[in-house]
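K.L.:
Residue numbers for the sequence shown follow numbering that gives the first Met the number 0, so the first one is 0 and each next one is one higher.
The hints are simulated quantities; they were obtained by calculation from the structure and are not laboratory data.
Even glycine gets a Cβ: it sits at the ideal position worked out from N, Cα and C.
Where hints are given, some of them may not hold.
[Unchecked claim] Computed list of lysine-lysine pairs in BS3-like fashion (alpha-carbon distance at most 30 Å, straight line): (1) Lys392 with Lys315; (2) Lys390 with Lys327; (3) Lys591 with Lys530; (4) Lys66 with Lys96; (5) Lys315 with Lys390; (6) Lys327 with Lys377; (7) Lys618 with Lys530; (8) Lys635 with Lys594; (9) Lys581 with Lys618; (10) Lys618 with Lys591; (11) Lys635 with Lys591; (12) Lys530 with Lys594; (13) Lys170 with Lys66.
[To be verified] Simulated restraints on C-beta separations: (14) Thr110 with Met34: 17 to 27 Å; (15) Asn120 with Ser445: 34 to 44 Å; (16) Gly303 with Ser482: 42 to 52 Å; (17) Asn142 with Ser439: 52 to 62 Å; (18) Asp378 with Asn136: 40 to 50 Å; (19) Ser143 with Ser471: 29 to 39 Å; (20) Gly303 with Ser272: 20 to 30 Å; (21) Thr110 with Pro527: 52 to 62 Å; (22) Asn602 with Asp378: 51 to 61 Å; (23) Ser648 with Gln556: 27 to 37 Å; (24) Ser230 with Gly303: 29 to 39 Å; (25) Glu558 with Thr110: 49 to 59 Å.
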Amino acid sequence: MKQKYLLAQLSVLFCMICTNVLAYDIEVANDDGVMIYYNYINNGLELEVTNNGEQNGYSDEVIIPEKVTLNGQTLSVTRIGEGAFWRCPINFVTIPKSVTSIGSGAFSYCTNLTYIIIPNNVTSIESRAFRGCSRLNSISIPNSVMRIGSEAFDGTAWYANQPDGLVYAGKNVYKYKGTMPEDTSIIINEGTYSITGYAFENCDGLSSITIPNSVTSIGVYAFDGCEHLSSISIPNGITSIGSSMFRFCRSLSSIIIPNGVTSIGSETFYGCSSLSSINIPNSVTSIGFEAFAGTAWYANQPDGLVYAGKNVYDYKGIMPENTSLLIKEGTLSIAGGAFSERSCLSSITIPNSVTSIGVRAFYNCSSLSSINIPNSVKDSISSATFSGCSKLKSVILGNGITTIGVAAFSCCTSLTSITIPNNVTRIGTAAFYNCSALTSITIPNSVTSIGSETFYGCSSLSSINIPNSVTSIGTWAFSDCSSLSSITIGNSVTSIERGTFEYCSSLTSITIPNSVTSIGDIAFNGCPLVKVELNSKTLVSKDYSVDYNMKDIFNAQVEEYILGEEVTSIGSNIFNGCLNIKTIDISSAVSKIGKRAFYGLVNLTDVTCRANMVPTTDKTAFDLSNIENAELHVPKASLTAYQETTPWSNFGIINSQIPAEVIVPFATSKSSTIVSRYDLNGHQISQSRHGLNIIHMKDGTTRKVVVK
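Start from the sequences, fold in the hints, and give me the full structure.
P.N.:
As structure tokens, this is what we get:
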């Protein structure tokens with residue numbers, strides 16, 4: 000289980016190390032006093048209902064408000080988030096008319112729920128939204144709902160009570176229930192909006208179906224395995240043909256794709272062995288992996304480059320060694336897997352007309368040495384696009400790229416450098432995994448997140464500058480970068496995940512900025528660190544009792560720790576067993592030190608504590624440490640106080656060789672207006688609670704308020 004060190008989000012909080020990521024942004028009680036948890040969406044302008052990370056986060060009756068007012072700001076609740084009420088023992092819920100969508104699994108397995116009224120403004124119900132609600136026998140679905148995800152109502156009493164045949168959910172085809180008779184022809188009702196994913200999956204008896212033009216979406220796998228379906232007309236309102244929609248429709252001989260369609264998903268017509276005629280319009284700009292594999296159409300294509308409309312679909316046949324290809328002008332896309340495993344491809348020229356390149360398009364093209372992505376390619380370098388291109392040395396990325404996808408350049412073992420365009424905002428999981436020759440990379444200020452294992456195993460990378468725009472770094476992002484000796488972490492990074500820098504065997508020092516609020520366990524495991532500078536706001540372990548400490552984050556070899564001015568509290572066991580520590584510099588803001596915080600530091604020689612007021616220190620804080628032979632430096636004005644207070648008085652030498660500092664008290668102005676309130680976990684709350692509350696005032700000051 001992931002264990003995260005939560006370093007408080009406010010300088011006055013005593014945060015605890017916990018074992019899961021906080022599941023919500025804010026919590027606000029409704030008019031009945033029931034606490035409801037929300038996330039900000041749409042750039043913070045709206046709210047979605049979520050949960051508190053616990054299976055039983057809600058119970059009994061929940062009334063969701065239409066609007067939420069918190070600290071003077073009123074926001075509309077427009078979405079029920081993914082898994083918001085998953086497995087919660089609720090028996091009734093009121094959804095406000097402000098809600099427009101219900102997320103995947105939002106109410107799945109709410110087995111006490113017996114009926115639900117969906118308001119008129121809801122337009123989409125995502126997959127598995129009510130799956131497993133075994134007592135749910137009454138569902139009111141308004142005409143506003145234009146799309147329903149697969150399995151949204153599977154396992155409900157409502158679905159069990161439907162007669163065999165075509166089942167509608169509002170104005171949407173939900174599923175064909177029961178065994179379909181042979182040679183069945185179906186006419187979908189006029190005015191129907193959508194056909195749900197898997198609706199006719201493996202309906203062997205289906206021979207023809209008429210779909211009205213009112214249908215604007217058809218889900219994935221909708222007709223998968225309909226082996227006797229011989230004719231179908233796709234309505235003009237369809238813009239996307241989803242993955243595996245007609246897979247293994249072996250009797251389908253021709254298909255006309257309407258002009259509005261822009262994308263054809265992976266394996267859409269896979270195994271349609273009789274399909275010899277496909278009309279692909281110029282509107283199609285994206286084709287998925289193996290979309291036409293196993294069709295008569297593909298079998299009839301000559302060897303060489305195969306185009307589907309204005310899209311490169313595949314290279315058919317045996318490719319000669321050292322092949323250079325020139326994609327013709329006007330081509331709109333390169334399909335997923337188009338050149339996958341083509342080890343003889345040495346170069347390719349992509350024209351400026353291409354706007355997208357599919358997943359695994361050049362996967363394992365082991366002879367490809369260079370690639371120039373034109374500015375016309377928009378949005379992303381797809382997943383595994385160039386993965387395994389072991390001879391790829393030169394990459395030019397166009398300015399249209401905003402995301403580098405999962406494993407996009409993984410195992411490109413000859414790649415030495417790459418410049419990421421200024422428009423890129425996200426570098427995906429394992430994007431440069433095992434690029435062992437990569438010596439330098441420039442991350443622009445546009446990037447906000449670095450995914451898990453992004454640079455894992457980049458053993459030649461010696462330095463990295465993470466810009467201030469980055470807020471999160473994923474698990475093992477730089478793990479096993481054995482040459483990495485210099486890291487600059489930007490001031491906007493809020494979390495460093497588990498194993499992020501594990502086994503960076505050349506890394507000897509690190510500075511953690513004060514923006515960091517969480518550090519995962521073994522984040523720096525295997526790094527020969529001798530100096531760590533922590534500017535994060537608190538160092539507090541859970542309940543002041545558990546054994547998590549700095550050696551679990553960094554290692555036991557660190558000799559010097561500098562605790563920056565943002566550090567306000569040092570928790571139990573934080574440095575327990577860090578045997579190599581010789582020097583510790585404690586900030587002036589520290590007010591509390593927990594049990595066994597510095598336990599067993601047998602090599603300790605020098606401690607500086609800059610706090611004017613002696614921190615409240617547990618008597619066991621320095622047990623079995625070498626303090627009787629160590630030197631303590633304290634403010635001159637506080638020398639006597641330290642000399643008279645245990646365990647500080649047990650230091651062998653206590654001197655006043657640092658200047659005194661002034662502690663700025665919290666403001667006590669009664670005229671300032673309250674702007675926001677926070678609890679001890681850093682959650683924004685609507686009203687003060689029993690215990691310690693953190694209050695931000697309009698004049699910029701902060702107060703600690705204890706409610707008894």
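K.L.:
Now, for every hint given, state plainly whether the structure supports it.
P.N.:
Each hint tested on the structure:
Restraint check for Lys392 and Lys315: satisfied, since their Cα atoms lie roughly 26 Å apart, inside the 30 Å limit. The suggested pairing of Lys390 with Lys327 holds, with an alpha-carbon distance near 25 Å, which does not exceed 30 Å. A hinted pair counts as satisfied when its Cα atoms are at most 30 Å apart, and Lys591 with Lys530 qualifies at roughly 23 Å. Our distance criterion of 30 Å between C-alpha atoms is met by Lys66 and Lys96, whose separation comes to about 10 Å.
In summary, the hint linking Lys315 to Lys390 is supported, as the alpha carbons are separated by about 23 Å, within the 30 Å threshold. With a C-alpha separation of about 19 Å, the suggested pairing of Lys327 with Lys377 holds against the 30 Å cut-off. Only pairs whose Cα atoms come within 30 Å are accepted, and Lys618 paired with Lys530 is accepted, the gap being roughly 27 Å. A threshold of 30 Å between alpha carbons decides the hint, and for Lys635 with Lys594 the separation of about 27 Å falls inside it, so the pair holds.
Between Lys581 and Lys618, the direct Cα distance comes to roughly 21 Å. Compliance with the 30 Å bound is thereby established for this hinted pair. The straight-line distance between the Cα atoms of Lys618 and Lys591 is roughly 12 Å, inside the 30 Å bound, and the hint therefore holds. The hinted pair formed by Lys635 and Lys591 meets the criterion: a straight-line CA distance of about 20 Å does not exceed 30 Å. Simply put, Lys530 and Lys594 have alpha-carbon atoms about 24 Å apart, close enough for the 30 Å limit, and the pair holds.
A threshold of 30 Å between alpha carbons decides the hint, and for Lys170 with Lys66 the separation of about 28 Å falls inside it, so the pair holds. The given range of 17 to 27 Å is respected by Thr110 and Met34, whose C-beta atoms sit roughly 22 Å from each other. Distance hint check: the CB atoms of Asn120 and Ser445 are about 35 Å apart, consistent with the given range 34 to 44 Å. The supplied range of 42 to 52 Å is met by Gly303 and Ser482, whose beta-carbon atoms lie about 43 Å from each other.
Evaluation of the 52 to 62 Å hint for Asn142 and Ser439 yields a pass: the beta carbon distance comes to about 58 Å. Here the CB-CB span from Asp378 to Asn136 is close to 44 Å, well matched to the stated 40 to 50 Å. The given range of 29 to 39 Å is respected by Ser143 and Ser471, whose C-beta atoms sit roughly 36 Å from each other. Here the CB-CB span from Gly303 to Ser272 is close to 23 Å, well matched to the stated 20 to 30 Å.
For Thr110 and Pro527, the hinted distance range of 52 to 62 Å is satisfied, since their beta carbons lie about 54 Å from each other. Restraint check, Asn602 to Asp378: a C-beta distance of roughly 54 Å satisfies the suggested window 51 to 61 Å. Taken as a hint, the range 27 to 37 Å holds for the pair Ser648 and Gln556, whose Cβ atoms sit roughly 30 Å apart. At roughly 32 Å, the beta-carbon separation of Ser230 and Gly303 lies within the given 29 to 39 Å, and the hint holds.
The hinted window of 49 to 59 Å between Glu558 and Thr110 holds, with their beta carbons roughly 57 Å apart.
Checked against the numbered hints given earlier, the structure satisfies every one of them.
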